[in-house]
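Given chain A, work out where chain B should sit, using these hints.
Here the protein sequences come in this chain order: A and B. In terms of the working numbering, the first sequence opens at residue 1 and continues consecutively. In terms of the working numbering, the second sequence opens at residue 1 and continues consecutively.
Just so you know, the hints here were simulated from the structure itself, not pulled from any lab data. Some clues are possibly wrong.
Stated by the list, open to error - Stretch by stretch, here's where chain B covers chain A in the computed footprint (C-beta under 8 Å, at least three residues):
#1 1 to 10
#2 25 to 36
#3 42 to 51
#4 65 to 77
#5 88 to 94
What the hints assert, rightly or not - Reference excerpt, derived from the structure (chain A facing chain B, CB under 7 Å, subset only):
#6 Arg21
#7 Gly22
#8 Ala39
#9 Glu128
Said to hold, decoys possible - Negatives, chain B to chain A, calculated, CB over 12 Å:
#10 Met1
#11 Ser27
#12 Arg28
#13 Ala29
#14 Asp30
#15 Leu31
#16 Pro33
#17 Asp35
Remember, predicted model here, so these are calculated numbers, not experimental data. Built from N, CA and C at the ideal position, the CB exists for glycine as well.
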Amino acid sequence: MTRQRMRRGEPYPSPIAHVLRGGRLEARLLLEDATRNQAIYGFYGNSVWLPSTEVAAEVLSATKLRRSAELTSFEVRALTEVNVRLWDTGVAPHYDVVYEVAGDVEALVASLMRARREVVKNVLYDPEGG
Amino acid sequence: MIFIDLPADLNMEDDEGRNVALLADSSRADLSPGDVVVAGRAGFWSWSVVDDVSDGVVRFHQVSAREAARYGQLVVQLPT
Numbered sequence: 001m002t003r004q005r006m007r008r009g010e011p012y013p014s015p016i017a018h019v020l021r022g023g024r025l026e027a028r029l030l031l032e033d034a035t036r037n038q039a040i041y042g043f044y045g046n047s048v049w050l051p052s053t054e055v056a057a058e059v060l061s062a063t064k065l066r067r068s069a070e071l072t073s074f075e076v077r078a079l080t081e082v083n084v085r086l087w088d089t090g091v092a093p094h095y096d097v098v099y100e101v102a103g104d105v106e107a108l109v110a111s112l113m114r115a116r117r118e119v120v121k122n123v124l125y126d127p128e129g130g
Numbered sequence: 001m002i003f004i005d006l007p008a009d010l011n012m013e014d015d016e017g018r019n020v021a022l023l024a025d026s027s028r029a030d031l032s033p034g035d036v037v038v039a040g041r042a043g044f045w046s047w048s049v050v051d052d053v054s055d056g057v058v059r060f061h062q063v064s065a066r067e068a069a070r071y072g073q074l075v076v077q078l079p080t
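Excised from the complex, chain B in its bound form:
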């Protein structure tokens, strides 16, 4: 089961070609540059790396699972 950390529309890009989302929508309020997240929605999601967070907007880029794994463990225990 995939858990979406950062709800986003992966069709949407900013003026520099990066994906964007709202920090307020994230399950992680402490996102910072370099963090790996699952961004998107069921059926259209990607491992992603946060580029920056400012004014409540998260900018990120999509990466492969292999690249995401370089940042740390991809499987987590969800709260029960």
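Extracted from the complex, chain A is given alone in its bound form:
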């Protein structure tokens, strides 16, 4: 039985904002993660984090993303260009990237793989953090 997923109802992020995801993109892993999300919450989605004035990128890098040596950064408009949307799910600033046509996981993964992005080193990487 799938669980309900909370949407926060926040305004859609600015097209020039950036979202972060721990790790480099690999199609196989995106597919695994989106499929796991579907099994738990009933929709295909890939998790990202949106830095803001309340939760800066440095804070996310040192907390939610501290176990990843590399981070993938997308501009929001780069996601829009490949027909995916951001859903404000869970606790801010967590978002799910979803494809415009629900249920098309292959299109979701393909879209993310062709989206403009940058891989940056997580200077606050902490493999032993806690």
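Quick look at chain B alone, frame taken from chain A:
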């Protein structure tokens, strides 16, 4: 070498800010609250403590190696 007990996307959190994974993906079918596991994937993993298991979903939170060591031995002999 690190052995992943509980494959998971550590980017993913539930509505309470806890990480989540599927029990069916775990190498340990008997997970229960308080168990220490290595969750994540190569390159993005963490020592973690299981908070609860229900309907095939494991909820857990990340801890340091020092905290994980309080729960028991962190080095295990893998089957050959």
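Hints, one by one, checked against the model:
1. 1 to 10: holds (count 4)
2. 25 to 36: holds (count 4)
3. 42 to 51: Holds: 4 residues of the region 42 to 51 of chain A have a Cβ under 8 Å from chain B.
4. 65 to 77: The restraint on the region 65 to 77 of chain A holds, since 5 of its residues have a Cβ under 8 Å from chain B and three suffice.
5. 88 to 94: With 4 residues in contact (Cβ-Cβ under 8 Å with chain B), the coverage given for the region 88 to 94 of chain A holds.
6. Arg21: Nearest chain B Cβ about 6 Å off; hint holds.
7. Gly22: holds (5 Å)
8. Ala39: holds (6 Å)
9. Glu128: holds (5 Å)
10. Met1: holds (14 Å)
11. Ser27: holds (16 Å)
12. Arg28: holds (17 Å)
13. Ala29: holds (17 Å)
14. Asp30: At about 20 Å from chain A, Asp30 (chain B) clears the 12 Å cut-off, so the statement holds.
15. Leu31: It holds; Leu31 (chain B) is separated from chain A by about 16 Å at its closest Cβ, greater than 12 Å.
16. Pro33: At roughly 18 Å from the nearest Cβ of chain A, Pro33 (chain B) sits farther out than 12 Å, so the non-interface label holds.
17. Asp35: With a cut-off of 12 Å, Asp35 (chain B) remains clear of chain A, as the shortest Cβ separation is near 17 Å.
The structure fails none of the hints (numbered hints given earlier).
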